[in-house]
Amino acid sequence: MTNGWNDIKNADLILVMGGNPAENHPCGFKWAIKARQERGAKIICVDPRFNRTAAVSDIFLQIRPGSDIAFMGGLINYVLQNKKYNEEYIKHFTNAAYIVKDTYNFDPQTGLFSGYDPEKKKYDQSLWGYELDEKGMAKKDMTLEHPRCVFQLMKQFYSRYTPEVVEKITGIPKDKFLEVAKLVAETGAPDKAMTHLYALGWTHHSFGTQLIGSMAILQLLLGNIGVPGGAINALRGHANVQGMTDLAGEGRFLPGYLRPPRADQQTLKNHIEANTPKAVDTSMNFWANYGKFYVSLLKAWYGNAATPENEFAYHYLPKIEKLISMDEILDRMYRGKMEGFVSVGMNILASNPNVKKIAEGLGKLKWMVVVEVFETEMASFWKYVDDPSKVKTEVFLLPSTLFAEKEGSFTNSGRVIKWKYKAVDPPGEAKDELWIAGQLWMRLKSLYKKEGGKFPDPILNLTWNFQNPYHPTAEEVLREMNGYALADLTDDKGNVIVKKGERIPGFGVLKDDGTTACGMWLYSGIFPQSGNRAKSTDTSDPSGLGVYPGYGFSWPANRRILYNRASADPSGKPWSEKKKYLWWNEAEGKWVGYDVPDIKPDLTPDYGPFIMLPEGRGRLFCAPLVDGPFPEHYEPVESPVENILHPKTPYNPVIKIYKSDLDLLGNPKEFPYVATTYRVVEHFHYWTKHIYGTSVLVPNMFIEIPEELAKELGVKEGDKVRVVTARGSAEGYALPTKRIKPLTINGKKVYTVGIPIHWGNEGVVKGALANMITPFVWDPNSQTPEFKGFLCKVEKVKA
Amino acid sequence: MATVTTEGTVGLGLRRVSASKSPDQSIKQADQLAILVDISSCIGCKACEAGCSQWHDLKPSLNVGQGMFFGYQSGPGLAPNLFMYMRFQEHETPNGLVWAITKYQCMHCADPGCLKACPSPGAIIQYANGIVDFDHSKCIGCKFCLSGCPFDVPRYDANNKPWKCNFCIDRVSAGLEPMCVKTCPTNALHFGTKEEMLIRANKLLQGLKKRGFEKASIYDPPGVGGTGYIYLLPHGDKPEMYGLPKEASISPLVSLWKGPVKLIGSIVLWGTLLGAFLQLILFGPIKVGKKHKKEG
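Protein sequences appear in the order of chains S and V.
Following numbering that gives the first Met the number 0, the numbering of the first sequence begins with 0 at its first residue and continues without gaps.
Following numbering that gives the first Met the number 0, the numbering of the second sequence begins with 0 at its first residue and continues without gaps.
Chain S with its partners taken away, still in its complex shape (with noise of 0.2 Å):
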């Protein structure tokens, strides 16, 4: 979220799509009803299934799987095309007016930009970049009219996306798309914000990352980001999931969005630099602390054994080629490339695409480790084998403790990190993970102390400050991350600041010479001198706008909107009196409000108010995607319909299309329907179905049906019926509904079928995977499989 859950509630409008938070966020969704009682804010929900969000918004769209983009690009073309945007925010805190090098183009006919290489299926996009003068500065034209600016290229490009094409390919009324156009267009006046809330629904598509670039593109227009009410609000889905991703849960990342070293970069140096960008405007540019936050890293990792001689001990951390995300995983598991394999907290066999792919794949491990409360289909995979008596994999399963077992930390979704208590002991044997990794690294260290092997320095070096090394504390931990000082930090004048071996307050003072270490320089400011801040519950809220400043600690350096200096206009004065929240202060020279200021305090206000941006202003034009600078229509890989935009490049040009035996893809002949995946707000994943009191809220695997197909499939509700696609099959109990209507797009008759995702083979309850048909299709950007929607066929289970 680039704001927080509390400010919803300063919402005018409250537009969800790509989620369900009704469903999958009822504990914060309850801003969203506060904003509409409390402000009269509308909610409108568009989505492919009337859903409990639906049930209780003002306005719901139904929209065809996979079209979401056609839509965005209508509203985006809306906005333009009737002058709804906020022409100062985007001329001064946006690039609309930065000119792109003559070699970027896109043709329509295609639906290709330019530099794409058929064979490798990758563009080019060094030919996308801005114009730069003789200082490296981007070239402007402040008037927006430069035929190559990219407001006119935007505007150009989305100019197809009519409010007619975009009924033909979402299958929504001309009308109903007019009449939200409208609503949302209104927010761009200088006194009201949208916000949107989207989830899984946006990610898990083959475009999903683009998809969320549209509505970069769209808030950025109305000027509805960093004001409050405002913002792209990225629900996540686990309690804790977005502690993970800061954590680096994904192996493009190390902690703090830092990255590792390639093959390429072989010194710290070429690293450095290759991750460190220039500013092309007036920009903060935060990025060029990349080396800061770097050194930092390695410091704490690897104290004394990293020095400036050896380059802070850079050539301890692997060299990677190139990247290995989820599918990679899961992709050489099943070509035999893999030995072993551990999994924490995570049931990769059901909650990937494609199970009978993955299942194949674990039974080729020698041996996996899986760290779990539960028995679940991961370590009982062989069940899901198709000849079982052939898997040879050894499986461990150590048992581990449930949030309410263990003491920590969790990050939710506005980036407020919060501490939570043990509340009971684990049962039997359980042990917390820290315990697990405690006990597991010192008998690692303790082997390459013994025998040496190849490379022992990175183990036997790292830092492991512990009171017990064999269990180490949350607490311990957390210090770890915030960072300390490992010489007298001083300031300009010479005094110091902080003193060595004390915590230091916050990222603002790490240094890239070896005097600071910090584990994650994204949290640091959390455990300072003083204590931890995550234990804070100081519930005052001076502003009324939901800021709460002193509850938990909210990164980075405790801010609760990003990007807040855009509250305020190019001169430095709030939008609008009802939106003031951070504003220049002539006399002293600094930003002040309510919210910790997201920009250097004393930097006047020509600076762009996207601090982490070379550009200092948002992206309408983003070239770092590798999928293209502006958000394109595709269908999704598997489409009941043609893409009327571009039918010789339907789908995503740059995915990766898997190949093997069981990389099966359907076509529309065969599979005429579309299907989505999703969940119910009474059930955790694949968890709370090993739970009685859970079980019994929703105990039955069923699949949602348009009654209009259940009367063509001769099906009524609690007839048994399956879902087939190219990849497998998924029965369940048929529930045909009012709440998914057929949809018409560009004149064909198409039906959405909707699958909940929580049953399994352990459990109180068991049913059908339902990753069993989906198909093993991934963002190129992020690696999100693309579970909303796919083709399949509806049977009828004779009983």
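Just so you know, these hints were derived from the structure itself, not from any lab.
You can trust all of the hints, since none of them are fake.
Some chain V residues near chain S, calculated using beta-carbon distances under 8 Å:
#1 Glu48
#2 Phe68
#3 Trp98
#4 Ile100
#5 Asn186
#6 Leu203
Computed list of lysine-lysine pairs in DSSO-like fashion (alpha-carbon distance at most 27 Å, straight line):
#7 S:Lys737 with V:Lys237
#8 V:Lys237 with S:Lys41
#9 V:Lys202 with S:Lys41
#10 S:Lys175 with V:Lys214
#11 S:Lys321 with S:Lys119
#12 S:Lys599 with S:Lys572
#13 S:Lys499 with S:Lys291
Cβ coordinates follow ideal geometry from the N, Cα and C atoms, glycine included.
Position chain V against the provided structure of chain S, taking the given hints into account.
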């Protein structure tokens, strides 16, 4: 299964007691309590349903297997081991689709049909704060409460004892809100005095009307003297969309023996007792016997 008694709640003060001609003399002035169910903010998450079962230490049935599928509902409805449930109904209206999701349980009528129908002195009581409760030690299992209830609420267990929502009288007596209210994540449930709840409901009603729900209304059926659970219904002209009777009232048969003629009343009373006795002999034991056989 345990039984319900009034033990521990004697200090609360009673307003009415079943089959007793006058209210308890120890009557205390107490505010009428109410729960407001704001349907327009309810997402049907069933946190209340789960919380209710947990607080009352119930183990609701696991409805699995052929013929046991109830869509988004946990089951077919109330049961002796399920005091409340969420009801899901889909309706097409001129203004579009409505997914009516309703919390359903004992309504705690101000004029309780169950209590009026009950022939056994003290088996059903109404506390001064309006909560209607059962006392199993005095219940004769005649099921008359069921016929007196306009909302089809009480459910009998294998021991022929009726069960229903008791408004978490134990929590309420200790100054806590009922469990369902405690668990509600969207503030769709509000708890307080009836007066407060009506004020709040009216405020929310104005908001609903402003949003275009012209027929929105507060469901507080006068046929039963108003209820302890009041509902804010967006489509207030059609309470049946939410599974609530449009005209909730006590069967005229039940009010007969509460009539002005004491003699007739007495005859009816004794008649009902006789009927109850007969029913007990004719039907009660058969069911109980069957159950015992199964368990044995």
